Every structure is written in structure tokens, then in C-alpha cells.
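Please dock the two separately framed chains into a single complex, following the hints provided.
For the record, the sequence lines run as chains A and B.
Each residue of the first sequence is one higher than the one before, starting from 5 at the first, in the numbering used here.
Each residue of the second sequence is one higher than the one before, starting from 35 at the first, in the numbering used here.
Hints in this document: simulated from the structure, not taken from any laboratory.
Just so we're clear, the structure is a prediction, and the values are computed from it rather than from any experiment.
Warning: the hint list may mix true and false statements.
[To be verified] Here are the in silico distance ranges between beta carbons for each label pair:
1) B:Thr71 <-> A:Gln76: 30 to 38 Å
2) B:Gly319 <-> A:Ala321: 30 to 38 Å
3) A:Ser502 <-> B:Ile339: 51 to 59 Å
4) B:Lys70 <-> A:Gly521: 51 to 59 Å
5) A:Lys303 <-> B:Asp97: 47 to 55 Å
6) B:Ala333 <-> A:Glu389: 49 to 57 Å
7) B:Pro234 <-> A:Lys264: 50 to 58 Å
8) A:Pro213 <-> B:Thr66: 44 to 52 Å
9) B:Lys172 <-> A:Val347: 40 to 48 Å
[Stated by the list, open to error] Short derived list, chain B residues pointing at chain A, Cβ under 7 Å:
10) Lys94
11) Ser96
12) Ser114
13) Arg116
14) Glu117
15) Ser121
16) Ser162
17) Asp163
18) Pro165
19) Asn183
20) Ser186
21) Leu207
22) Leu208
[What the hints assert, rightly or not] Every beta carbon over 10 Å from chain B, so not counted as near; a handful from chain A, in silico:
23) Ala138
24) Ile279
25) Lys419
26) Glu493
27) Pro523
In this text, a Cβ means the ideal position worked out from N, Cα and C, and glycines have one as well.
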Amino acid sequence: MKHKLKTKVLLILAAVLSLAAGMSAVKKSEIEAKVARFYRLNADSLNTAVLHMKQHLADGAMQESLQEDFIQARIYYKRIEAFVEYHLPESAIKINGANLVESEPSLPEEPILPTGFQVLEEVVYAEEPFDRQAAKMEIDGLAFACNRARVLGANIEFSEANILDALKLNLYRLITKGISGFDAPVALNSLPEAVVSLAATQQVLNYFPQSGNMQAATAAALDYVQMHQDDFDGFDRAKFIAGYINPLSVLVYDYQLEHKIPFIQAPNRAIPANIPHLFSPGAIDLSFYAPAGAELNNKELAALGKILFEDKRLSVANNRSCATCHIPSKAFTDGLALNESLVGGKKLMRNTPSLINAAYQPVQFSDSRITFLEDQIHDVIANPEEMGGRFEQIRASLAKDKVFMKAYKAAFAGKKPAADEVKKALAAYVRTLSGFNSAFDRYMQGEQTAMTAEQINGFNLFMGKAKCGTCHFMPTFTGAAPPYYEKMESEVLGVPQSNDTLNPKMDTDPGKFQVYGMPHHLYSFKTATVRNAAVTAPYMHNGALKTLRELIDFYNRGGGQGLGFELEHQTLPGDLLHLTEQEKKNIEAFIGALTDTVSYKKVQL
Amino acid sequence: MRLNIKMSAVIAFLLLKGYSAFTQEVKIDCKTHVFKTIPEALAYKDCAQKLSMRVAKIEKVSDKIGALTAITYLDLKSNSLRELPASIGALSKLEQVILSENHLKGLPESIEGWLALRFIQLDNNSLSDLPLGMFKLKNLNTLDLSWNNFSSLNPGVGKLKQLRILDLNHNGLLVLPKEIGKLRGLEEMDLSFNKLKAIPEEMVRMSKLKRLALANNEIEQLPANIGKLKSLKSIIVTNNRLKTLPESISILKELESLYLSYNQIEKLPGSIYKMSHLRNLVLVGNPISAAEISALKKALPNTNIVF
Chain A
5 MKHKLKTKVL LILAAVLSLA AGMSAVKKSE IEAKVARFYR LNADSLNTAV
55 LHMKQHLADG AMQESLQEDF IQARIYYKRI EAFVEYHLPE SAIKINGANL
105 VESEPSLPEE PILPTGFQVL EEVVYAEEPF DRQAAKMEID GLAFACNRAR
155 VLGANIEFSE ANILDALKLN LYRLITKGIS GFDAPVALNS LPEAVVSLAA
205 TQQVLNYFPQ SGNMQAATAA ALDYVQMHQD DFDGFDRAKF IAGYINPLSV
255 LVYDYQLEHK IPFIQAPNRA IPANIPHLFS PGAIDLSFYA PAGAELNNKE
305 LAALGKILFE DKRLSVANNR SCATCHIPSK AFTDGLALNE SLVGGKKLMR
355 NTPSLINAAY QPVQFSDSRI TFLEDQIHDV IANPEEMGGR FEQIRASLAK
405 DKVFMKAYKA AFAGKKPAAD EVKKALAAYV RTLSGFNSAF DRYMQGEQTA
455 MTAEQINGFN LFMGKAKCGT CHFMPTFTGA APPYYEKMES EVLGVPQSND
505 TLNPKMDTDP GKFQVYGMPH HLYSFKTATV RNAAVTAPYM HNGALKTLRE
555 LIDFYNRGGG QGLGFELEHQ TLPGDLLHLT EQEKKNIEAF IGALTDTVSY
605 KKVQL
Chain B
35 MRLNIKMSAV IAFLLLKGYS AFTQEVKIDC KTHVFKTIPE ALAYKDCAQK
85 LSMRVAKIEK VSDKIGALTA ITYLDLKSNS LRELPASIGA LSKLEQVILS
135 ENHLKGLPES IEGWLALRFI QLDNNSLSDL PLGMFKLKNL NTLDLSWNNF
185 SSLNPGVGKL KQLRILDLNH NGLLVLPKEI GKLRGLEEMD LSFNKLKAIP
235 EEMVRMSKLK RLALANNEIE QLPANIGKLK SLKSIIVTNN RLKTLPESIS
285 ILKELESLYL SYNQIEKLPG SIYKMSHLRN LVLVGNPISA AEISALKKAL
335 PNTNIVF
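This is chain B alone, in the form it adopts within the complex (with noise of 0.2 Å):
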């Protein structure tokens, strides 16, 4: 009997330490410490910088986050959410959230906080809005709405003046607002797979635009002054219902490639021939004559064409 006391007291002795040694503050760096729960965040929470719930099967979002407000990266990838709470507007320091692959139908307007935020990953979830807030963000640089719902984008998004990359592709967009112009320091733009008729005459105002994605839409023209696109490299239109281009194109010097397979494109403008530096022509799927082909290759022989 007085072994199994000892023993017990050995056993208590043990474990009491185990616990204390469990609640010691375990020294951790808040810079590069990754959270993977809101309570254990919440032990940090003047410091906690990065929190991540990926793929944690979560349904929702405790409303406690709120108070993880030096929290400056949001990981919530991959889970089952269909909402936020409104108390996630107060974590004033974000600057990276990705909410990619939940089941968002809209944002909260209390977003509006999140004033340091740069990067904000929204693809694969059910998004046809933004909250009015969202246009308040002035240091966005990055926002991906590929894989939501979107039929037109409210004109606020012109107020994103530091947005360098805009990702929409995979949405059901019918038409951009002429707001879009606006975002003069815009480097890549993808609206790849929506149902867009044309683009605005306004986004040829994005000098800085790098790379541009069309395919998959039903656009008939491109803006005729495109060719005040200075910076583009790229262009894909494949998969639209172009007939011809516009002249200008060819004033694009930077223009590497050009991705214009199955369209309606019979003839090409006459000043593609002098775009020696593009490298990269493709042209399958259009009724393009073999004499042009021809004649084009004669006169682009350092390009790629394909057809």
C-alpha cells in the first residue's frame, strides 16, 4: 500500500510537472511563429502575427478574432466558410489574407478596416459582390476574384489606385466598368473565361499593364487605340469572335506575344508586318489565307508563328 502511495505521489509529482511544464510560457517568436488556432493566437495576442487555418475544416469564424489585431498574415485556405464575422474588419495590420477555395458569398462592409492590406487571394468561392468597403483599401496591390461569380464589378474599383495584379478569370463578368481605367499602375490583368462583348475604351489609359488575358470571352473588337498599352508583353485573346485588330497594335514595341487562335480573323492589319520584335504569333483557327501566312513569315522571320 505505501508503494502505491509513493508511487501515486511520484505519478501526481510527474504529471503536475508536466502541466506546469505544458502552461510555461514557451518562448515564441510572434514574427515568425505560424498559429494554426484563433485560441492559441488569442494566448499572443498583442503579438501574434500570422495566423493560418488552412484546410482546418472550419465552418466558421469565431467572432474572437477581432482581437488578434497584430495580425498581419490570414491564412484561411480551404475550408468550409461561408461568411466572416464582422469582427475581423478591426485586424487593422493585415497586409496578406488568402480566403481562396471556401464557400463566400459576400464579405463583410467591415473590411474597410483592414488599411495595410496588399494581397487578398478570394478565388473558388461564390463572390458576385464586394462590399463598398473593400474600394477603401488604397495599398491593394494584388486581388484574385478568379473562380466566383462576378457579372459586372463595381465601378469603386477604380479607387484600387495601387493595384498591380488583377486576376477575374472564371467569372460569368458581362461587361467591366469604365472605372477600370483608372487603375493606371495595374502590371497584370486576367479576365480569361467570362463573357465579356468588348473592353472598355478606358483601360487603355493602363500604360503600365503588362500582361493581358481575354481568352474565352466573346469580344469582337479590341479598343482601337490599343497601342497606348506601351508596357504589354502579352496578349491572349484566343477563343473570341475577333475579325481584325486594330492598327495601333503595332506601335506596341514591348508586344512579345500575341495569342490569337480561333477567332474570325481573315486579314491582319497591314502594320503587323513590321512588328519584328513580336516573337510569338499565334494564329490557329483563323481563316487566314496561306498567302498571308506566307508573306508574314517573309516578313517577321525572326517570329514564332503558329497557325
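Just chain A, same shape as in the assembly (with noise of 0.2 Å):
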């Protein structure tokens, strides 16, 4: 009877509180509220996964059985990664976020330390001993974020715009870092979650009423992966992306349009929701880079930065231009290791960097310093090493220059150039020097014949077996995170002093931990460009590696660790890649694909 009575009062209490449900909620259309419900049922099953795995922990399992929970319990982070990091991008960090120590500039010394998959990856895939208390802190914080991530959850606004958004992003963090196994290192599962992935991303696409093809090329996409999944170094990620998943944002794309479901303007981003696919022309947003008002079209602002780029006026001595040190005709390097500094009869602290795709850096120099050309620009030319110049002597002496100032009124309106027009058009110039047209480009805008076999090795190598695509991400190849391309990564890699491989000694230059002092940046660098690498050797923030061929061993060999070094913090695994010799012939061949032949053209203004 009892029992009864508590029936009838919960169904009254449900009838309410549903017609008060009725009553307050926003009218949804039917594939919101589906979007919604799946996300809400995954989350829920995410939560279940990771509280089961915690019970196991504490009923005494194995290490073997957590693995297993572990891989079950991402599957279903896998199913709403798209729309936790869309939407959640907080959540996201706490749950999958990579495994660095991070601190804000405020409190440098107070680190904060990462949590989530991770994390936790390490742990129970730890050789012995498992450190069970660790496992227990890690399960904690990732259950803490997963049900953060469910309680959330229920406030996210779908709309068919964003759904198709997200899911467009998580295509393209899958071809970057899903499938390179950048966010699952060691359980190396990354394959098979790709498939559910892709299932999960078939499902959503159901809910959209006409959208066989869509449906039909992620099924193909699922099948292909599937088909392979067992072998991760074998993979064919080329084909994977060009034949399959391109092709699959293509049609999103098409399906947005000829639906009429509007583009989500997205204008602090660096790719733009209305592209076709991640490789389109274009596609990477210049103007996310350049400062408010940079004028990125003005075609007599970058010939005034091209006149200024060569002229030896900008330094202190009149011996040194831009040019001088960045050479047009060597991709805009110097070719030395270090070049030499104007003060002191020294060398310089650091290599000269390659300008072709400068532009397309969240941050500019090897420490991370600076965010715009126009900053980078102030710097290099002030400092007394670089460039020495004093802006009131340059003003005074352009403004007498007639051919010069000829220039300058055709895109200035000054009758002075003044020290931000100077900046400012040598940062135009610089911005001109971005093409992505190698052949690897072109191969994934469908040109299959653009690289060689050997090259598509390469990259399959690089994506895959060889790990250098999870910190040099597509299509930068730089460590600018995908799919938002707006976080630079630092890392910590051990670089030696020379390429004496015998007696190597480690260099010793702080790197990022002059910037902030923060006790994980020391040693830590910038990850530069891989692109045009064939052509701006030598290599590192210091010059040390002359050829592909030693960079390659030197990642072979395990970076720093692998030399010998006592590296602490050293990011890059100290694990063997075990690449065999026409392996690395493969890698050196694919970096020769991603040589920008259009950026030498467009010097000609």
C-alpha cells in the first residue's frame, strides 16, 4: 500500500513538473532535441563508464582491467567529444586535455597540473608498479569533469548551424590528432576510436532530414578505418583523408548550403565554418593572426613593407637590412646556425627563422614572446644585437628619401612615415609570404598525383608510426593546436649544443622560461614550421642540426633522453621510434612535399 501511495505521488509530482517543463522550455526544432538527447544519454553513459571504473579500482582490479574500463569510458567521451569541446572547451581540457603542466602568468611558480584521459593513460598503462593511489586521483578528477561536462551539458543551446559546426571541427581534429594518436600516446587505441568517432558523427547526421550522402561517405569513411584498425602504423592516412574525409566535409559543406542552414560566423576564429574542407584555399583565416586594422588586401601597404624589407636604413649602422638576414633566395633563412650579432663581435642567441607562413603563427619567436609581425618587427629592429635601428633616425631619414616616400604616400596619408606605418607595412610584406601550394596541397585538394609514393610513406610515417603530426599539426605543421589553430605548443626536446652525437652537451638556452618563469618552460621552444624545411636548414632554435637526416635521428633516437641528457621535463617521449632506413628516407622525401613554391612568385609585388 505503502509502495503505492509513493507511486501515485511521484507520477502526480512527474505530471507537474513536466507541465512545468511545458510550460518554461524554448521550442526546439526535431533535430536539436535528438542532438540533445544523444548527448545527454552519451554523457550519462561517460559518467557510468568512469564511476564503474573507479568501483573496479576500489574493489582491488588489475591493471589489465582497468584498461579496459579506460578504453570503454573515452569510446564514450569519443560519441560528444564534437560538442564538449564545442561547446565546452573548459571540460574538454579537464577531460582530454594533452598532459602538460601549465600555470597562469600571475602565479608562475604554482603549477597546474593537467588531469583527465591523459593523464590517467599513463597511469594505468604505467609498466610496473601501478601506483594505485595515483590511479584513484586521476579516476577522481576525470569523474569530477565528465559529470561537470553531463550537468552542463543540459544548457547547451543546439542549433542545426552549430551541430553541423561541431561536427565539422571534430573531422578536422580527427585527420590532425585522432588518427596520429596524439590524445591516446600509449593505449595507442586511436584507430578504433575513430570509428566511433565516425559512427557517432553518422548518427547526429541521421537526424538531418535528406542526408543519405552525408550518412552514405561517413560510412564509407567508418568502413575504411574499420577495415584497418588493427594496424596503426600501417595506416593509410593520406588516402584516409583525401579520399574519405575530405570528401565527407565537402558534402557538409554543400548540405549547409543547399539547405540554407547559415555558416556560424565565427570571426575570433582562424578557420571559418564556411570552408569546404581543411586544406580548401584559403582556408586558415590570415587576418585571425594580424591585429585590429592591419589592412591584410592593401597591395601598396606591402610593396611600401617590400621597399622597407631591404632597405639598411632600418639599422643603426646602415649595414643590415631585413633581407640580409632573412634571404629571399633561401626561403627567407640565412642558411648559418646563428648569425652575427652587431654588438660585441658575438654570434646571435638564436637561429634565423624562415618568413614564409610567419604569418600564419599565433606567436611569433622561438620563446613565444610576442603575438603580431608588427611587435616581432619592433623588437627585432630595437634590438641592439638584431637590428639596432632608432625609429626617429629612420622616420627623419625615409622622410628625405623621394624615391621612398613616393611609396609611401601611395599607402599612407602622412606626410612623415611615422614608426607604426614603418611596422605596419613591413608586416604587410610579410603576410605576403604565405602560400600553402606545396605538393602536399595540392594532393589534398584532390590532385592525387601531386606527391610520389614515396612522399605519401612519408607522410603516413609523419602521421603515423614516426609521431611528428601530434606536436607538428596539419596543415601548419606547426604546434598551433587544431582545429582552432589559436594555441602555440612549447616543448621541451633536449636540444644539443652542436651535432657531435659522441660527446653531446645539451644547450643550455632557457627557451619560454625567460618569458614568464614558469618552471616547466625551461628548455621549452616554440614548435616551429615543418613546411619548406627541404629548404631552411639548418635546424632548432640554435642551428645545432644540419641536415633532415640528423633531425630525423635525433627524434629516432628519442630527442634529448635518447643522447644522454638528464632531462626532467623533457615533452617529447624518450622512446626509440625505431624508424628503419628507408623509413627515414620516406619522412625526408614527404618534407620535401611541403615546400611552398607560390610563396617565392608572390615576392614579386
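Written as C-alpha cells, this is what we have:
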């Protein structure tokens, strides 16, 4: 009787509450409601799976058993990853962020320790002894974060436009990070997870009417990866991306156009929503990396910048221009390990980087200390060791030059060039040294013969066994993390002072540590682009490694740790890559396919 | 059984009554009530004036915030925001905005619609640039950009004529635009912990400036005409590379405190001996001779000289 009464009360309560909900809820489209339900169910499953793992651990489960739980929990996460990353970016970091220590600039000495799957993976897959206490701590943290994503998920405002935008970004995430093993480097379960991710994509696309083409393309991609999911090293990523994912991405784009679903306006995003796929020409919005008012399409401004680029009056003794070190015929490098300092007869601290595609970087300098090219230019001109220029003198000198002033007046309305205008023009010129027109780009745009078989093998190694792609993210091949490309990663590699591998000594440049004084940034450097690496030797921040082969060998042996350096905070795994001679050749060949020939043409303004 | 039905009816009645009380329009004074969520405020969208989602663990702001057009006070401090929706620009009556301690990398251009804005805190974010729309906010009197990633400032900052307080401490400023000198109404300016080698001569036009903080930069000299900053009460130039001070500093009749610790000053300008109105003169960490210190003490008996 008591039980019946309780049931009745509950029923009445449910009726009242559903009435309330019905009255207050905003009317949602069927698709949005279905996606909300899809999210809710999978977020519930994710939470249950993590709690299950927690209980298992408490019951004394062995490591192997916990590894199974770990894989299962990640599968639920992969089903909703698109939406967690899109709507709850902070939760996404807590659940599946990179296993890297961070700090706030205001509290440099207080590390913010990473949490989530990637940290837990290190614990549950660790070789003996298994640290149960650490596992408990990480699972507790993961449970908290997953619960947060579940609770906050109830407030996500899904729309047809943002659902498709999130799915497309997740496809970019899948091909740039997912299939490279970026977020599951130890479990190496990336390909089965890609299957799950695509299955979830297919399910969500199924909610859209007349979505047969998109679903079929997703199914084909899913079948392809499923067929090869047990072969991480042998998986043909080039074919998977160019043959399956790019076409799928185009179909999503076409569907939006056909069904008049607006593209999300995201001015503060490097990858706009209205691009067919990640490798489409112009897919990366250069203006994202430029300050307000940069005038990207102003030809007169860029032409003035080119004149200034070659003008030695920018330096204190009129003996060094930008082009002295960034030599156009050397892909805007100087070919030297270190160039000469203008002070004290010594060498400069760091290697001269190429300027090609420098404009696509969210930060400048090897230590990432500056955001915009305009400020980078100021820093170099004013640096006594590099150019030592004084802007008042530069302005006066330029103002007297009639030829220069003619070009100046085509770009600016002022009577005399201002320091800001000099920097603005130079930055505009450097932004023209951009072009994603390498053989690799053409291949990804559908030109199947653009890369040789050797280069394709090299790409597959780069993105797989050799793990290069887990730090040098496509398509910029820098450390700018996809799919937003706004945060530049830095890494502690343990770079040697020279290419002497018999008596290696570690380079002592503190790197990014100098910027904020955060301990984990000691010896950390920006992950520079691999684009044009075939023509921009020597390598690393100090130019210590002279050839691509030396570079590949350095990584093959596990970076500085492989050279015997005791480097506690090396972020590069110290494991051997076991690359064969042929594999090394293939990687070199692929790097050759990353040379942006278009950039040289663009120099002629 | 009958009893049960009766009980059910009573419970249902109570629940419904509770529900109706819950849904009944509660008298809320829109002028003083601080709404805690956007849906809550949307129920009063034509009159809700204050919205505080401080430490609310939010990661995104709903587009719907754009409907809260009566809002004058918005506090989003200490969340995990990386961006703001463009619709937020529709809040044209906003007077005070607190966005401190988020992860903002940029602001939408639409904030040019915040025409009533007087006060904005953007400290502790990841900003390195401001949208040009920011410089249309003619009523802005307080702008806190401390603890961000600025290496330079857009010259447009000179258009913010009503600005009284500008805080830029803990950025990576290499240089300031000369247009900053157009901020004639500025009273407080904090540029500490940057990488400035100099400040623009044009800044001496800030005749209302009372406090100038330049600590922990790389400043080699102060503007020769610093004496024109006639309202200055306090100058903090601790931890810089000054070798001397401009003679004109003694014209600053309102100056009460001069913090010069940890520079490379060997000799002070002769005019400083006339600054009897100075209350504090801090000279720790400079290679100034004992003889000069004692001469100073003698000339400025009412000044607290720390060396």
C-alpha cells in the first residue's frame, strides 16, 4: 500500500513537473532535441563508465582490467567529443587535455597539473609497479570533469548550424590529432576510437533530413578505418584524409548551402565555418593572426613593406636590412646556424627562422614572447644585437628619400612615415609570404599524383609511427593546436649544442622560461613549422642540426634523453621510434613535398 | 484506498499550489536585483539591469544575452570564457562590465554598441589586441587591461577622451603609441611590469595625471618635459635603467612620492634639492654617494629619504 502511494505521488509530481517544463521550455526543432538527447545519453554513459572504473579500482581490479574500463570510457567520450569541445572547451581540457603542466602568468611558480584521460593513460598503462593511489586521484578528477560536462551539457543551446559546425571541426580534429595518436599515445587505440567518432557522426547526421549522401560518405570512411583499425603503423592516412574525410567535409558544406543552414559566424576563429574542407585554399583566415586594422589586402602597403624589407637604413649603422638575414633566395633564412650580433663580435642567440608562413603563427619568436608580426618587427629593429635601429632616426632618414616617399604616399596619408606605419607596412609584406601550395596541399586538394608514393609513405609515417604529426599539426605543421589553431604549443626536446652525437652537450638556452619564469618552460621552444624545412636548414632554435637526416635521427633516438641528457621535463617521449633507413628516407621525401613554391612568386609584388 | 486517494488529492493540490506560487510573478525590483543566470534575467528582459555570473563555472555565454537590452551592470568574473558572443554588443545600456579572470583571447567587434560604458575590467585574460569598436566608447573612464599579453596598443586608444584610469600592468608592452598623449583627462596610469624602454614625449600633455607607475620596465630616461605633468602626486620608476632624472622634475609642485629604487642613478639633478614639498624619496639600489645623500637630507629635512 505504502509503495502504491509513493508511486502515485511520484506520478503526480512527474505530471506537475512535466507541465512546468512544458510551459517554460523553448520550442526546439526536432533535430536539436535529438542531438540534445544524444548528448545526454552518452554523457550519462560516460559518467557511468568512469564511476564503474572507480568502483573497479576500489574493488582491487588489476591494471589490465582497468585498461579495458579506460578504453570503454574513452569510447563514450569520443561519441560526444565534438560537442564537449565545441560548447564546453574548459571541460574538454579537464577531460582530455594534453598531458602538459600549465601555469597562470600571475602565479608562475604554481603549476596547474593536467587532468583527464591523457594523464590517466600514463598511470593505467604504466609498467610495474602500478600506482593505485595515483590512479584513484586521476579517476576522481576525471569523474568530476565528466560530471561537469554532463551537468553543463543540459544548458547547451544546440542549433542546426552549430551541430554541423561542431561535427566538421571534429572531423578536422580527427584527421589532425585523432589518427596520429595525439590523445592516446600509449594505448594506441586511436583507430578504433576513430571508428567510434565516425559512427557518432553518422548517427547525428542521420537526424538531418535528406542527409543520405553525408551518411553514406561517413559510412565509407568508417568502413575504411574499421578495415585497418588494427594496423596503426600501416594505416594509409593520406588516403583516408584525401579520399574519405575531405569529401565528407565537402558534403557537409554542400548540405548547409543546399538546405540554407547558415554557417556560424566566428570572427575570432582561424578556421571559418564556411570552408569546404581543412585543406581548401584560404581555409585558414590570415586576419585571425593580425591585429585590428592590419589591412591584409592593401597592395600598396605590402609594396611599401617590401621596399622597407630591403632597406638598410632600418639598422643603426645602415648596414643591415631585414633581407640581410631573411634572404629571399634562401627561403627567407640565412642558411647559418647563428648570424652575427651587431654588438661585441659575438653570435646572435638564436637561429634565423624562415618568414614564409610566419604570418600563420599565433605567436612569434622561438620563445613565443610576442603575438603579432608588427611587434616582432619592432623587437628586431630595436634590438641592439640584431638591427639597433632608432625609429626617430629611421623616420627622418626615410622622409628625405623622394623615391621612398612616393611609395609611402601611395600607402599612407601622412607627411612623414611614422614608426607604426613602418611596422605595419613590413608586417603587411611578411603576410604576403604566405602560401599553402606545396605538393602536399595539392594532394589534399584532390590532385592524387601531386605526391610520389615515397612521399605518401613519408606522410603516413609522419602522422603515424614517427609521431611527428602529434606536435607539428596539419596543415600549418606548427605547434598551433587544431582545430582552432590559436594556441601554440612549445616543447622541451633536449636540443644539443651541436650535431656531435659522440660527445653531446645540451644547449642551455632557457627558452620560454625567460618570458614568465614558469619552471616547466625551462628549455621549452615553440614548435616551428615543418613547411619548407627542405630549404631552411639548419634546424632547431640554435641551428645545431645541419641536415634533415640529423633532425630525424635526433627524434628517432628520443631527443635529448636519447642522447643521454638528464632532462626531467622533456615533453618529447624519450622512446626510440625504431625507424628503418627506408622510413627515414620516406619522411625526408615527404618533407620535400611541403615546400611552398607559391611564396617565392609572391615576393614579386 | 479512499484514504490514499484523498491523500493523493491533497498532495497534488499542495504541489499544484506550490507550483502556482512558484510561477507567480514575484515582485522583483529590476533596479537592484542581481540576476544570476541569463534565463532568470530573460524573464525580466525589458527591465533587468544587473546580471552577475561571477564564478559560475560557465564556459560559453549564450547568444540570448543579446536580448537583455536593459542591462547596465554585467559581471562575468572568474569563469572559463574564451570568447563572447557577438550578440553581447546589443547591450547598449551597459555601464559597468567585469570580465576579469577568464581566458579571453579577443573581444567581438560588436562591443562598439556599448555606448554607455564607463567601466570595464579585462584583467587576467589572454588579450593581445582590442577591437577597433572599443575606441568608439566615448564614455569609458576606467579601462583595466592588466595581466594580459599586449606587446603594443592600437593608436585608437587616443580616442578614449573620457579615460581617467588606465591599467596596463603585467603585459609585454614594448612601446606605447604617441596617441596615448591625447588622453588629457587621465588621472592614473599603471604601466608596471612591461618591457618599455621609454614613454612617449606626448604623454607630458596628460596634465591631470596624478599617479604614474612605471616599475619593472627597461626605461632609460624619462621625458625631458616631465615637469608639464603638473598634477602628478606619485611617480614609481622602481627597477628600471634610469641614469638620471630630467631637471624639469622639480616643477612638479604636487609631487609627494618619488620611487626610484633599483636604477643606475649616480647623480640627481640639482633642481631636486628645491623639492621641499616631497614627502617620500626612495633611492635604494642606486649608486648614489653617501655625500649626496647627506646633502639631500640637509636640503630636504621634511622628506622621508630612503636609500
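Hint check results:
no., hint, in the structure
1, B:Thr71 <-> A:Gln76: 30 to 38 Å, "holds (35 Å)"
2, B:Gly319 <-> A:Ala321: 30 to 38 Å, "holds (34 Å)"
3, A:Ser502 <-> B:Ile339: 51 to 59 Å, "holds (54 Å)"
4, B:Lys70 <-> A:Gly521: 51 to 59 Å, "violated (38 Å)"
5, A:Lys303 <-> B:Asp97: 47 to 55 Å, "violated (37 Å)"
6, B:Ala333 <-> A:Glu389: 49 to 57 Å, "violated (42 Å)"
7, B:Pro234 <-> A:Lys264: 50 to 58 Å, "holds (52 Å)"
8, A:Pro213 <-> B:Thr66: 44 to 52 Å, "holds (49 Å)"
9, B:Lys172 <-> A:Val347: 40 to 48 Å, "holds (46 Å)"
10, Lys94, "holds (6 Å)"
11, Ser96, "holds (6 Å)"
12, Ser114, "holds (3 Å)"
13, Arg116, "holds (6 Å)"
14, Glu117, "holds (5 Å)"
15, Ser121, "violated (11 Å)"
16, Ser162, "holds (4 Å)"
17, Asp163, "holds (5 Å)"
18, Pro165, "holds (6 Å)"
19, Asn183, "holds (6 Å)"
20, Ser186, "holds (5 Å)"
21, Leu207, "violated (9 Å)"
22, Leu208, "holds (5 Å)"
23, Ala138, "holds (26 Å)"
24, Ile279, "holds (19 Å)"
25, Lys419, "holds (15 Å)"
26, Glu493, "holds (15 Å)"
27, Pro523, "holds (19 Å)"
Violated hints, listed in ascending order, are 4, 5, 6, 15, 21; each of the other numbered hints is respected by the structure.
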